[in-house]
Every structure is written in structure tokens, then in C-alpha cells.
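Single-letter residue listing:
Protein chains: 2
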Amino acid sequence: MKKLINHPEDVVKEMVEGFIAAYPKRLKQVPDTSVIVRADAPVQGKVGIVSGGGSGHEPAHGGFVGPGMLDGAVAGEVFTSPTPDQVYEAIKAVDGGRGVLLVIKNYTGDVMNFEMAAELAEADGIQVAKVVVNDDVAVENSTYTVGKRGIAGTIFVHKIAGAMAETGASLEEVTAVANKAIENLCSMGMALSPSTVPAAGKPGFTIGENEMEIGTGIHGEPGIERTEIKSADEVTDTLLSKVLNHLQLAPNSKVALMINGLGATPLMELYIVNRRVAKILHEKEIEVHETFIGEYMTSIEMAGCSITILRLDDQLTELLDAKADTVAFKK
Amino acid sequence: MKKLINHPEDVVKEMVEGFIAAYPKRLKQVPDTSVIVRADAPVQGKVGIVSGGGSGHEPAHGGFVGPGMLDGAVAGEVFTSPTPDQVYEAIKAVDGGRGVLLVIKNYTGDVMNFEMAAELAEADGIQVAKVVVNDDVAVENSTYTVGKRGIAGTIFVHKIAGAMAETGASLEEVTAVANKAIENLCSMGMALSPSTVPAAGKPGFTIGENEMEIGTGIHGEPGIERTEIKSADEVTDTLLSKVLNHLQLAPNSKVALMINGLGATPLMELYIVNRRVAKILHEKEIEVHETFIGEYMTSIEMAGCSITILRLDDQLTELLDAKADTVAFKK
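If you read the sequences in order, they're chains A and B.
Counting in the working numbering, the first sequence runs from 225 upward without gaps.
Counting in the working numbering, the second sequence runs from 225 upward without gaps.
Hints are computed from structural coordinates only; laboratory data are not their basis.
Please read all numbers here as calculations on a predicted model, not as lab measurements.
Keep in mind that the hints are not guaranteed to be accurate.
Since the list gives no way to pick out one identical chain from another, each pair is judged satisfied if it fits inside one copy or across any two copies.
With a straight-line cut-off of 30 Å between C-alpha atoms, the simulated DSS-like cross-links for lysine-lysine are [what the hints assert, rightly or not]:
id	residue 1	residue 2
1	Lys316	Lys508
2	Lys466	Lys404
3	Lys237	Lys454
4	Lys466	Lys226
5	Lys237	Lys508
6	Lys555	Lys249
Please take these sequences and the hints and turn them into a complete structure.
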């Protein structure tokens, strides 16, 4: 197993320590947890926003904690849902009196544990709402998931909800706009190679030397097609056509675009994918308001990418454009 | 070869197209070249700054073009120095009447081709200065290099020189502060796996399943030790001790720190490396003014990392902290 780690069982603990050590002015750790919150949390009078999930998707979600996005992020073990008590600690740490929104990726364990945490917090008198992100159009139902999986589009939900919360909006208003983002969001990914959970010590699935997989999830969940390696343009056409078919964008629609790397894919290749995406969207007279290319939601060292499109209206555009100041997303 | 590309010979051309397509408000391409410049280039009355080199190191250098850093970047073929005529085009495109500084990584081909381009531009009456970055303390002389190699510390030179240029400083002043940064800069890297130049179709070197290499260059140039895989803490101790030994930092020194991923290394692992670096620097009473963790200077899909330290005085601190607005570096 080729990893720069110490002991496999310590990776999350040590990662959180090293992350906090890098950004002490921005972030703090809730003691004895793997919960990362804004240095100034809780922000009084503002809805708090918490996300999280299994580790191995860095910079998600700790990299998106800061003004204009998340108030807190919970890091479970690698590819493992955080426990309800950890999520509960995060909710308490960010509650500034206006309630807390949980942004949950659609995995059965995440949904269950975040819900249990919400119940614990509500018993303390904290108002809690939740939204479930299910942007991955590849498959209905999957390993760990009933319905569609939540993947890189989750970052746009962080951004939209975070910007809304900064305006002083109520928990209901922040929840409503987060759901609006989710309804207008669609992603799909592919993998060239698998990733290895440190504690497992071997790849989560195997894929032939001349093969790729279309529709793979961010934990290596099965996709829809195992095929020989195709060109970047062909792969892009496959992913984008499924995303566009789902969103049914009319000409003159305005969108935000994310080309997300899964961990080991060079930026060079993501730019080559974007070349094709930009060309197709231009031909379809779809206006790309802003393009985001890089690693936002990874799968440890998986090679591959996902394409996400968020349909924008005036409100979502304004919220996407609003200031954000986090480690991995600055505007 | 597991890459999301179309034809190996088209990767740089298509990458530049896809990159420019993503950021049309920020950047423009000099027609018929692989030169990327600020959308508002040339900026009149400001020293222009140009860097570049072989491709395969993304986001270097196009990702650092923008206000507060570079005015232009030249992308050669993968791991191949850009030709003098391409560099010459970049110089002409960013010259705003105050002269142009070339920031060159120390590789024989780069130095030669940037110097030839400088001569062409000087014949046109453009004042050109150059600095050569040689921050890699691993080895003296190497494949492609006389003296020490230039690696991720180059990004700090971009930042310092770029900020100085924004103040309206003269070419001599910008050059002087860039050289000051270089004199206070030291890096060292390691590799767990090699990278594959698309046109070659196979890895540039081989490394055993249980091996790593200390001191590897960003083109896979040999390091100083091939060893069995060690723990993140042991590897960090080896790299950091060599960097610290070179810089001879006194207690209470102030530094900027970069933990750079080489392409396939997850952020999780870079954070674990930073945990150890932060601990050691704290013990040595060295103040880390700011930590940068991520992919700044990659080697296509190489797994591995480098550690860079820049010793700061008041002037360098102020220039490092100054505003910058580029794709890959925002302050």
C-alpha cells in the first residue's frame, strides 16, 4: 500500500490534527472529536451549517468550513459515516441561536446518523433542519444508498446555503434555497483506477489495465458500464449527455459547471475534459456563468473525474457569486 | 496508459484550450501559441512577470497568472522546455513599458530558451531581467540541470515578485526581491510512484511495489535514496531536516511553509505530513506565518510530495500577504 501515512488506524485523527495545524487562524477542532468548525464559531444570529461524512473525500468537507460556506464539518473514519455523537457535537458547536442546517450526502449511514444527531440536538432545544444531496444521476440505488448518491455537487449546496445564511436568513429560508440548489443539480463520474482505504490495505475494486468504468461512485460503488479506455472526448460526451438529459436545459439557460478530480487525475486531464464540455455547452447555447476545475470531492487516490452542472436563476447566481473564504473555495 | 486524453500529441494544445475556456474573464491566450496571459495584459506602467516551463506541472504555471502574481505563463510540451519564440511571444504580450522579469526554474533547457527569448525581446527594445529558481536541496546537478533544480518554491517567487510589481516598483527592484526570496528558499521532495509522459506512454522510471525514493525531481530525476516505504513521520523528518539544515533557521525565525502534492497524493496524506512538520517547527521555536497545502507544482500523476520553506523578513511577509487573484492562488 503506497501511502504517506503512519498507522492505518490513525489516519483520520492525524489528518485532522495536521489540517488544523495548517490553518489555526481559520479553524478550530472541537476537543476530542474529529469535528472542525470556524475559528469564530458559533456565529451569533446566523443559521449554522454542518456537513460531513466519511473521510477520504478531502478537501470535502473541512476545506469548505469558513465564512460564506460551512460552519462545521464532521470527519468520519475513511468511507464510513460519522457517528451521531460526533455530528451532535458539531451541531452544538455551531449553533448561534438561529438553528442549524445539516447538508447530508445521500448515503444510508450518513442520513441515519445525521438524523439521530438532529434528534439529540432538538432535545437540547436547538432547531435543526436537513437537506439530502443526491446529484449523482448514474444509478438509482447503490451500495450504501437508496435513491441517487450524493457526490461533488454537494459543494455547490454548501456554497448556496452558506451564502444565504450569511445574509441573516432564517433556517426555513436557508433550507429552502439549499433544496432549490439540489433540485437544479446533476452530476456524473467515472473512474480509471480504484482507491485503497488505509485500514483495508488493498483497492476497493479492481479494474483492468485497459479498462475504465462509467458512473462509478466516490466510494468505488459500481457504475453503469465497464469498458475499454475511451478518449477524453468520448467519455465527456457520455457523462455530459446523461447530465444534460436529466436537467433538460433550455437554450439560454445559465449554469455553473464543475469538473471535479477524484484524487489522482492531473489538472491537465480535467482541462482537456473541460475543453469538450465548454464546446458542447456553447453549441447548445447554454451560458456557463462560472467554471470550477479541481479536486473538490475526491475518492482518496482514485483516478477519474465527475462533471456537475447547477442550473442557475438570479437568486442562485447571486448566492454563488457571494464572498466565501475557506481553505478550498475562495470568492 | 490510463489517462483522460485524446491524442498524446495534442495534450498541451487541448489543455490550454480547456483552461482558457474555463476562465475567459481572467485569462487569454496569445493566438497560435501556448502562452497564457492576464485578460488585461499588458498592464501599462507595471513590470510584467513571465514564468513557464514544460507542461505536466499544473497548476504551474498558468494557474498563477493574474493580478498579484504572473502576467504570463508559457507552456512547453510535457516535461519539455518551451521554445524561445513562445517565451518571446509571452514577453511581448505582457510588456507594459516598465520591462519584464522572467522567473525560470533551473533546468538547462529552460534557462537557455528563456535567455534566447530575452535577447530577442531586448533587440525590440524591451528591458528584460531574469531570476533562476534553484530551491531543491536534494542534489547538486541532475538530469537536465547544472546546480540545484527548481521545484515548488517557485510559486513563492511568483507571489513575492508579483506583489512587488503591483506596487509599481522598477524592474531592478522586482528582480532584487525575487532574488531575495530565492536566497531564503529551500525545498525537497520524494516519490512513491512515477509519472507517465503521454507521448512516451510508459512511466519515466520504475519503483518497486514496496519502495519509495527520497529527493526525486519533478520530472522523475533521480533522488538520493531508494528505500522501503517508511512512515509519513520518518519521511517528513528526512525531508525537513535537510531543508532546515540548509536554511539554518534561528529560533524565532518566521517562515512560510508549503506542503506540495505531486499529482496523485491525497490531501489526507499531505495533512498527515504537515502534522509532523508543524510539530517539529514548533519545537524549534520557528514561527509558521502561513501554511499552504495542496497541489502547486505537480509531476503529472506522480504520487509523492515536497516540503518548501521560505524564510521571511518584514518585506517578504508583506509581499506574501498582499492580494493575489489567480486560478490556483488567491489571497
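Inset, instruction - Can you give me the call for Lys466 and Lys226, within, between, both or neither, at a CA distance of at most 30 Å? - result: between (35 Å within a copy, 23 Å between copies)
Inset, instruction - State whether the alpha carbon distance between Lys316 and Lys508 is at most 30 Å within one copy, between copies, both, or neither. - result: Classified as neither; 47 Å inside a copy, 36 Å across copies.
Inset, instruction - Check Lys466 against Lys404 for me: Cα-Cα at most 30 Å, and say if that holds within a copy, between copies, both or neither. - result: For Lys466 and Lys404, the Cα distance is within 30 Å only inside one copy (20 Å; across copies 53 Å).
Legend entry - Same-copy or cross-copy closeness of Lys237 to Lys508 [CA-CA at most 30 Å]: This pair counts as between: shortest inter-copy Cα distance 24 Å, intra-copy 47 Å.
Inset, instruction - If the cutoff is 30 Å on CA atoms, where do Lys237 and Lys454 land: within, between, both or neither? Let me know, please. - result: between (39 Å within a copy, 19 Å between copies)
Legend entry - Homomeric proximity label, Lys555 with Lys249: Cα distance no greater than 30 Å: This pair counts as both: shortest intra-copy Cα distance 18 Å, inter-copy 14 Å.
Violation of the numbered hints given earlier is confined to hint 1; every other hint is satisfied by the structure.
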